[in-house]
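*Asks:* Residue strings, one per chain:
There are 2 protein chains.
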Amino acid sequence: MPLNETPTIPQGEPILHWLALADALKPGIREQEQLPLNCIKARANPAHPMRFESQAACSIQELEQRSIRAGDSVIIDFGGHRTGYLSFKLRATGREADAPVRLRLVFGEVLNDVASPLYPYSAWLSQAWLPEEIITVDDIPQDVRVPRRHAFRFVLLEVIATSKEFAVQVHKVRAHAVTSAPATFNELPTQVPDWVRRVDEVSIATLRDCMQTCFEDGPRRARRLWIGDLRLQAMTSYRVYGNEVDMQLVKRCLYLFAGLPREDGLVNACVYERPRPTYANIVALDYSALYAVVLCEYVVASGDHEAGLDLWPVARRQLELLLQHVGPDGLFSDPGDVWIFIDWADELERSSAMQGVLLFSLQKLLALAQILGLNDEVVQWKVLAQQMQTQARAQYWDTDQQLFVSGEGGQVSCASQAWLVLAGVAPDDLLGAAAVRKAMERADSVKPVTPYLYHYLVEALHSCGDRAGATALLKHYWGGMAELGADTFWEAYNPKDPLHSPYGDSHANSYCHAWSCTPAFFFRETGFFNVL
Amino acid sequence: MPLNETPTIPQGEPILHWLALADALKPGIREQEQLPLNCIKARANPAHPMRFESQAACSIQELEQRSIRAGDSVIIDFGGHRTGYLSFKLRATGREADAPVRLRLVFGEVLNDVASPLYPYSAWLSQAWLPEEIITVDDIPQDVRVPRRHAFRFVLLEVIATSKEFAVQVHKVRAHAVTSAPATFNELPTQVPDWVRRVDEVSIATLRDCMQTCFEDGPRRARRLWIGDLRLQAMTSYRVYGNEVDMQLVKRCLYLFAGLPREDGLVNACVYERPRPTYANIVALDYSALYAVVLCEYVVASGDHEAGLDLWPVARRQLELLLQHVGPDGLFSDPGDVWIFIDWADELERSSAMQGVLLFSLQKLLALAQILGLNDEVVQWKVLAQQMQTQARAQYWDTDQQLFVSGEGGQVSCASQAWLVLAGVAPDDLLGAAAVRKAMERADSVKPVTPYLYHYLVEALHSCGDRAGATALLKHYWGGMAELGADTFWEAYNPKDPLHSPYGDSHANSYCHAWSCTPAFFFRETGFFNVL
Numbered sequence: 001m002p003l004n005e006t007p008t009i010p011q012g013e014p015i016l017h018w019l020a021l022a023d024a025l026k027p028g029i030r031e032q033e034q035l036p037l038n039c040i041k042a043r044a045n046p047a048h049p050m051r052f053e054s055q056a057a058c059s060i061q062e063l064e065q066r067s068i069r070a071g072d073s074v075i076i077d078f079g080g081h082r083t084g085y086l087s088f089k090l091r092a093t094g095r096e097a098d099a100p101v102r103l104r105l106v107f108g109e110v111l112n113d114v115a116s117p118l119y120p121y122s123a124w125l126s127q128a129w130l131p132e133e134i135i136t137v138d139d140i141p142q143d144v145r146v147p148r149r150h151a152f153r154f155v156l157l158e159v160i161a162t163s164k165e166f167a168v169q170v171h172k173v174r175a176h177a178v179t180s181a182p183a184t185f186n187e188l189p190t191q192v193p194d195w196v197r198r199v200d201e202v203s204i205a206t207l208r209d210c211m212q213t214c215f216e217d218g219p220r221r222a223r224r225l226w227i228g229d230l231r232l233q234a235m236t237s238y239r240v241y242g243n244e245v246d247m248q249l250v251k252r253c254l255y256l257f258a259g260l261p262r263e264d265g266l267v268n269a270c271v272y273e274r275p276r277p278t279y280a281n282i283v284a285l286d287y288s289a290l291y292a293v294v295l296c297e298y299v300v301a302s303g304d305h306e307a308g309l310d311l312w313p314v315a316r317r318q319l320e321l322l323l324q325h326v327g328p329d330g331l332f333s334d335p336g337d338v339w340i341f342i343d344w345a346d347e348l349e350r351s352s353a354m355q356g357v358l359l360f361s362l363q364k365l366l367a368l369a370q371i372l373g374l375n376d377e378v379v380q381w382k383v384l385a386q387q388m389q390t391q392a393r394a395q396y397w398d399t400d401q402q403l404f405v406s407g408e409g410g411q412v413s414c415a416s417q418a419w420l421v422l423a424g425v426a427p428d429d430l431l432g433a434a435a436v437r438k439a440m441e442r443a444d445s446v447k448p449v450t451p452y453l454y455h456y457l458v459e460a461l462h463s464c465g466d467r468a469g470a471t472a473l474l475k476h477y478w479g480g481m482a483e484l485g486a487d488t489f490w491e492a493y494n495p496k497d498p499l500h501s502p503y504g505d506s507h508a509n510s511y512c513h514a515w516s517c518t519p520a521f522f523f524r525e526t527g528f529f530n531v532l
Numbered sequence: 001m002p003l004n005e006t007p008t009i010p011q012g013e014p015i016l017h018w019l020a021l022a023d024a025l026k027p028g029i030r031e032q033e034q035l036p037l038n039c040i041k042a043r044a045n046p047a048h049p050m051r052f053e054s055q056a057a058c059s060i061q062e063l064e065q066r067s068i069r070a071g072d073s074v075i076i077d078f079g080g081h082r083t084g085y086l087s088f089k090l091r092a093t094g095r096e097a098d099a100p101v102r103l104r105l106v107f108g109e110v111l112n113d114v115a116s117p118l119y120p121y122s123a124w125l126s127q128a129w130l131p132e133e134i135i136t137v138d139d140i141p142q143d144v145r146v147p148r149r150h151a152f153r154f155v156l157l158e159v160i161a162t163s164k165e166f167a168v169q170v171h172k173v174r175a176h177a178v179t180s181a182p183a184t185f186n187e188l189p190t191q192v193p194d195w196v197r198r199v200d201e202v203s204i205a206t207l208r209d210c211m212q213t214c215f216e217d218g219p220r221r222a223r224r225l226w227i228g229d230l231r232l233q234a235m236t237s238y239r240v241y242g243n244e245v246d247m248q249l250v251k252r253c254l255y256l257f258a259g260l261p262r263e264d265g266l267v268n269a270c271v272y273e274r275p276r277p278t279y280a281n282i283v284a285l286d287y288s289a290l291y292a293v294v295l296c297e298y299v300v301a302s303g304d305h306e307a308g309l310d311l312w313p314v315a316r317r318q319l320e321l322l323l324q325h326v327g328p329d330g331l332f333s334d335p336g337d338v339w340i341f342i343d344w345a346d347e348l349e350r351s352s353a354m355q356g357v358l359l360f361s362l363q364k365l366l367a368l369a370q371i372l373g374l375n376d377e378v379v380q381w382k383v384l385a386q387q388m389q390t391q392a393r394a395q396y397w398d399t400d401q402q403l404f405v406s407g408e409g410g411q412v413s414c415a416s417q418a419w420l421v422l423a424g425v426a427p428d429d430l431l432g433a434a435a436v437r438k439a440m441e442r443a444d445s446v447k448p449v450t451p452y453l454y455h456y457l458v459e460a461l462h463s464c465g466d467r468a469g470a471t472a473l474l475k476h477y478w479g480g481m482a483e484l485g486a487d488t489f490w491e492a493y494n495p496k497d498p499l500h501s502p503y504g505d506s507h508a509n510s511y512c513h514a515w516s517c518t519p520a521f522f523f524r525e526t527g528f529f530n531v532l
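Protein sequences appear in the order of chains A and B.
So the first sequence is residues 1 to 532, counted in the numbering used here.
So the second sequence is residues 1 to 532, counted in the numbering used here.
Okay, chain A solo, but in the shape it has when bound (with noise of 0.2 Å):
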């Protein structure tokens, strides 16, 4: 079937169809009570990177036995990282309770969320997003269970007012932790090294963490499915559980941007489960471009070839579309009008990296059609798959320089690198692998700011045979942010600045990132290991 007879798919109206089959995908959330470790302090200390230290304050025990006033706050520390809810039981101590008790609770992912003032709020992202509750409880002694959904190891509890006549006791302080992950997963080998274990351990809990009626991108905030995320979560699980669970919830996700199409054809960058699945209004051209790829790695880890059929015309769709973007000279140039999101650096210029974001897609749709038995439908592509890499080859290689280059004045940047190294653009692996290595140690390079890069940096490493590149980068990158004390790896994370933050203010970062949990997928990569 030619292209132009691709079968069509409704434009901006849900497919209910799709829809429906996503909710019955819906997977059951586990819950596991847990208790608090102890209550803490947070010492401020300028030279630490991360501003606070934490001191142990008091045990839980104790914690119990105390009568807090108004005005007091404890910091209760749970240790490590859950999605989850929180519950306890508030008493009267003094006499019985004559008035409500009104509480203020923050919960923080790290201890400076609990440790440093949440305003003023200086991000430009919404200020609902502070974890923050102010709660009134009537009728004490009672039992409370805050009922929304948090992303926390700390909890700052203060108590903002009782009457004069009582103080409260803090009792049976419970996380309630919720995921759709599966208690059990593939273990690594018993003799790796301590920092491969505890970075596997934090890359396991964040995808955890991330894993609930759909792979969020953050349990902290925004919530919600992105396809780039997606991609990165989809991988990694299949390693980690690589169970019916996961597959299901990798399917559910991808019918879910199957059902809710956007009027143009793309595929919506992210989309939201509640209160009903709908798009949301944005569109980023690598990501549409990343459904093929995700779909592709799908069927291969799912053998699910009756969902790789049913969805094949969406992911072809996107190459459709998005190949119009590129000219006869097998280049692709940029609309202009359409977010391209590759990484946050602003000055990135980005047509290179796309240009190896789109071939990367075209290649995993032919590798998908060959899977599906529907070459036929893609010889075009084929060809067109060839030219894209030898004119990427010619046009953004620089000989002199053994690097990829991209726009006018000839940018280095790693994301440029990554994506033309991934596609298979470089001359050869060891010219790639170089290529790689040098963007990141030279000086006027742009550099990747989101583990989202840093990932593909480490792929299109791997992808080299550079495993002692690869493992270099991730233990420095992933390492650092463990060696920091991360209990999950971090949305934004700057060697240089660890608390530097993307939105203005570091009480807007989201320390559980669904796109920073792929040092697990390594880790269990055949071959990586022989290097660690």
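Heads up, some of the hints might be wrong.
Since the list gives no way to pick out one identical chain from another, each pair is judged satisfied if it fits inside one copy or across any two copies.
List of simulated lysine to aspartate or glutamate pairs, DMTMM-like, C-alpha gap at most 20 Å [unchecked claim]:
no. : residue 1 : residue 2
1   : K89       : D497
2   : K164      : D505
3   : K41       : D429
4   : K26       : D139
5   : K447      : E263
6   : K164      : D428
7   : K496      : D376
8   : K496      : E347
9   : K447      : D376
10  : K26       : D310
11  : K26       : D376
12  : K438      : D497
13  : K172      : D139
By construction, these hints were calculated from the structure, which means they are not laboratory data.
Once you've looked at the hints, dock chain B against the given chain A.
*Replies:* Relative to the frame of chain A, chain B by itself:
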């Protein structure tokens, strides 16, 4: 049976079968959905006794069209007071919501609650009583029902935060009024004056909004069962409803007090219903005395001799204990270590008023003994009652001033007149009524500061057959609140300073308070109408 053979009442331990009976008597709660009237603005007017005046701002239809941004607020007027819940629907405008919405809600019984800032808060009562909620709503569009119950006519809704991408619309704003009061009541004759009709409506709304699973003192704050309030609620409910529902509720309250005895044998001044029935460690000698009054009046109204006989030992025990403070001279002597309420006025010398309360309660106990056929048990108390009356007249009635006095300084207070007149201590009805009137008129007398004591002034005048005086006082006081726009009658009202707070901040006042509900009782008393 002589007094010292009174059946033993367990001391301090809950009497479980009485609490079980109280539980079985817990009434159902009727919930009624109510539409708002409109949106208003509060216009400051320093010349107005309530400081603010309401101005129509927009219709509810217009509100539903309006996009409300972070920092904006609206005041919704539901017209009239209710105890209940608030619900509404939040929608996003501009584009789909990409963040939660954080709202601040303030529930106002009077305009001042939502018109003047709650902070800084200067009352000595708990700040946790401030009728304020900070809520965060996820997953817009969303139906919201504020989980805590409030007492309100007005709702200030302030949007603290959305994201910069969207604003909100507020749709389907509803109040859900709750009460255990019957839906219908005994109507007044059609020909009553307008002021009577209005004061009656406000009285009945006050009673209704305090009638929940027990008789609460006020639905905004305290929300507790007090004996002093209960007597006024019960007597009013018999006239207003006079059916099975209110009888059962009074019975439930009598059993709650009886089931939670103090170690010293006195009933508590107030008890808590939730989270489980328990006593507040507060006792007031006048309130303990009134238990016998409530029981007697309940048995008269309901004919329920079974409960009367069951609870007789409790009522009798109160008098037995309190009469220990009556000396051989037949006069009550303040032990000094237990609270005597009577009224909030600090300077009030309470001994003669307490003599009146004690004698009035003893008279009711004797009447109850008569009804229940227990005269033999109270033979000695009949003599004592006579002696207390004679001695009080001899000691407290100042024949020169034709007024009751109290204490060594011969203090003239409205409280002394009210209670001693009510206990029949005045030489005759004419002099009794005149004493009440004179005390109210004299510049140097201690005036009442609560509607509770105002009630007893009206009841005293009424008991003397001074219907004109009773009516005039009722019109001046409760009519004054109604003229200021009261939708329910207040806990505290000083006609010269309507926003005065006995707690140091008018935002701590309760503007729907049970002890203010009695005009509806008087309007239904035989003989009251011929002077209206």
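*Asks:* All hints, please: hold or fail.
*Replies:* We went through each hint and held it up to the structure:
no.: 1; hint: K89 / D497; result: neither (39 Å within a copy, 42 Å between copies)
no.: 2; hint: K164 / D505; result: between (37 Å within a copy, 16 Å between copies)
no.: 3; hint: K41 / D429; result: neither (51 Å within a copy, 71 Å between copies)
no.: 4; hint: K26 / D139; result: between (37 Å within a copy, 17 Å between copies)
no.: 5; hint: K447 / E263; result: neither (35 Å within a copy, 76 Å between copies)
no.: 6; hint: K164 / D428; result: neither (76 Å within a copy, 47 Å between copies)
no.: 7; hint: K496 / D376; result: neither (51 Å within a copy, 93 Å between copies)
no.: 8; hint: K496 / E347; result: within (19 Å within a copy, 70 Å between copies)
no.: 9; hint: K447 / D376; result: neither (41 Å within a copy, 100 Å between copies)
no.: 10; hint: K26 / D310; result: within (19 Å within a copy, 59 Å between copies)
no.: 11; hint: K26 / D376; result: neither (34 Å within a copy, 76 Å between copies)
no.: 12; hint: K438 / D497; result: neither (22 Å within a copy, 80 Å between copies)
no.: 13; hint: K172 / D139; result: within (17 Å within a copy, 30 Å between copies)
Going down the numbered hints, you'll see the structure goes against 1, 3, 5, 6, 7, 9, 11 and 12, while the others check out.
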